[in-house]
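Visitor: Model the full assembly from the supplied sequences, consistent with the hints where possible.
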Amino acid sequence: MLEKDGVPTQDDLASIAPSEERLAKGPVAIIECFQPIPCDPCYDWCKRGAIEKFRDPTDLPQIDYERCNGCSLCVIGCPGLAIFIVDQAYSEKRARVVLPYEFLPLPEEGEVVEALNRKGEKVGRAEVLKVQQTKQKTTLISLLVPQKLAMEVRFFRRGENG
Amino acid sequence: MREVEIAIVGGGPAGLSAAGIALQTGATALLIDDGQHLGGQLVKQTHKFFGSKEQYASTRGIEIARILEKGLEGHPHLEVWLNSSAVGYYPDGVLTVLKDERLVKVKPARLIIATGAAEKMLAFANNDLPGVYGAGAVQTLMNLYGVLPGRRALMVGAGNIGLIVSYQLLQAGVEVEAVVEAMPKVGGYWVHAAKLRRTGVPILTSYTVLAAEGREWVEGAIICPVDERFRPIKGKEQRIEVDLICLAVGLSPLSELLWQAGCKMKYISQLGGFAPLRDGNMETTVKGVYVAGDSAGVEEASTAMVEGRIAGLAAATSLGYRIADAQRLKEGLWAELEMLRRGPVGQKVREGVKTALINQDSDS
Amino acid sequence: MRIVQHPILTFARGKKISFTFDGRTLEGYEGEPIAAALHDAGVKVLRRSIRLSRPRGFFCAVGKCSSCLMKVDGKPNVRVCIEPLREGMRVETQRGKGELIERG
Chain A
152 MLEKDGVPTQ DDLASIAPSE ERLAKGPVAI IECFQPIPCD PCYDWCKRGA
202 IEKFRDPTDL PQIDYERCNG CSLCVIGCPG LAIFIVDQAY SEKRARVVLP
252 YEFLPLPEEG EVVEALNRKG EKVGRAEVLK VQQTKQKTTL ISLLVPQKLA
302 MEVRFFRRGE NG
Chain B
7 MREVEIAIVG GGPAGLSAAG IALQTGATAL LIDDGQHLGG QLVKQTHKFF
57 GSKEQYASTR GIEIARILEK GLEGHPHLEV WLNSSAVGYY PDGVLTVLKD
107 ERLVKVKPAR LIIATGAAEK MLAFANNDLP GVYGAGAVQT LMNLYGVLPG
157 RRALMVGAGN IGLIVSYQLL QAGVEVEAVV EAMPKVGGYW VHAAKLRRTG
207 VPILTSYTVL AAEGREWVEG AIICPVDERF RPIKGKEQRI EVDLICLAVG
257 LSPLSELLWQ AGCKMKYISQ LGGFAPLRDG NMETTVKGVY VAGDSAGVEE
307 ASTAMVEGRI AGLAAATSLG YRIADAQRLK EGLWAELEML RRGPVGQKVR
357 EGVKTALINQ DSDS
Chain C
8 MRIVQHPILT FARGKKISFT FDGRTLEGYE GEPIAAALHD AGVKVLRRSI
58 RLSRPRGFFC AVGKCSSCLM KVDGKPNVRV CIEPLREGMR VETQRGKGEL
108 IERG
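Protein chains in written order, with my numbering: chain A, 152 to 313; chain B, 7 to 370; chain C, 8 to 111.
Errors might be hidden in some of the hints.
[To be verified] Here are some of the chain C residues that sit facing chain A, going by a computed Cβ distance under 10 Å:
#, residue
1, His13
2, Pro14
3, Ile15
Don't read these hints as lab results, they were simulated from the structure. Glycine included, each C-beta is placed from N, C-alpha and C at the ideal position.
Guide: Structure representation (structure tokens):
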């Protein structure tokens, strides 16, 4: 539970998840923002108009999953590092998860790392597909994870070959 | 004796914003700060700020400091005194400043107090051991001077500062063993808690620190769960191996100058301690003395910037300086404050500010 | 210990200089607080408490708490968390309340 230990519940996650159909179609932003805090820059970062204009900055972001193409600009802009891209159409076996990363050293492309869930627990292995540094210093890391972990993996740890 | 139009004490987000708008109206200002640099605590903030565009949302604190400072750089109407402590304010309106080891007298027509806040302390055994550091101090050491404050840390407090500084410790390469929080809930933003948690750092609510261990410096800490009345649960004590205990148990307004000025003060727990009563211009009960930022009540840097602008605008216009649409501008700033304080997280501050605001109807 | 690489920050460090701490020669960067250079060198105990002689170190880093008072170039009660480091400074652990006139 977020307010107890920083981990969203299944209900929290269900409340923001796109439909299975939409997920199967390809990359989409998953905005794990559950608390009405005064914050709205994701609206300005989205160039496709997929994030609805905030009536009030303390509203939770509302995203139109049909307009979102998973471009990941909002991942760079979100002050809470709370947005991820999930692409379940990557391949039959593997999904692509893009996450914001603000640590050094950066992983290498092709490196196998430990895939961590929202509690920081190892849930499997991931392959680093892409490391994209940005002007904003939030690096976008694309991980390839088993399909069933697409909505689980939200961080990674470099380790002894994963 | 130096006579100045507006003296601003404190060069953090509030003071810089106050100076910015005052200069825009044509007023002259003297900005006094006891540090080596302007920007106050902003210069240590590596995270991106929340809020909206107007408050530099999505921009890191350190960048905001540069933007604010750049806006003032070389302004002919601005004088900046660094490494200078404003130490006294007297009934005849004289401000004394310790500068270059001398006491300098300044007589400002208007005074804006933007001195910020100080870290609160927590009582536990051996809390005086070296290695028990305030969260702000840890930030200074690692983010300003690039010195590691320790190797393995315990963070005490899961408010925004505790959560943010824990993340910053990880960014600097320090291991964070745990965050303990006596309250049953995380006080800071959930997104800060979530981004820390997914790196594997446990956030232990209803937990406290009972003791620091070590002879000459911290070598460990005893943590323990607490019951609903915050009493440690016997037999549940755990020892963790750390060389740094970082305290983020809240801030209280730095109000010495406000007391000296004779401003009417009130203990407002929601604002972190004694805070000055103030009106819609951020003017205190002492005419010509304004307040802004954490010294008016502990909040966020974003609200400090807006309060600074309100105070700076009011101080300058009260001296006869004009700016287009001043009234509209002021109303807009209050609307920004209202927005930033909205929602369940802002409830505490809203209550506190309501208690501190006076003369709301009379438009001064 | 210094932070070697940081994902967000770059550190603008001054000139590398030397100073002494209780007679030992140490290095630091010009202009940084004395306490930062000491911490880098692993010096955590900055003074002793007056009555019980308990170790005292860095704490607030803003010159407010008086935990870090030291003797610098013979001058007692210097707040080393905010006092800029200069070449050749003589930094010493202070015992007691500090005397302005050095005895004996």
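Visitor: If a hint holds in the structure, say so; if it does not, say that too.
Guide: Do the hints match the structure? See the list:
1. His13: Cβ of C:His13 sits 7 Å from chain A, so the hint holds.
2. Pro14: holds (5 Å)
3. Ile15: holds (5 Å)
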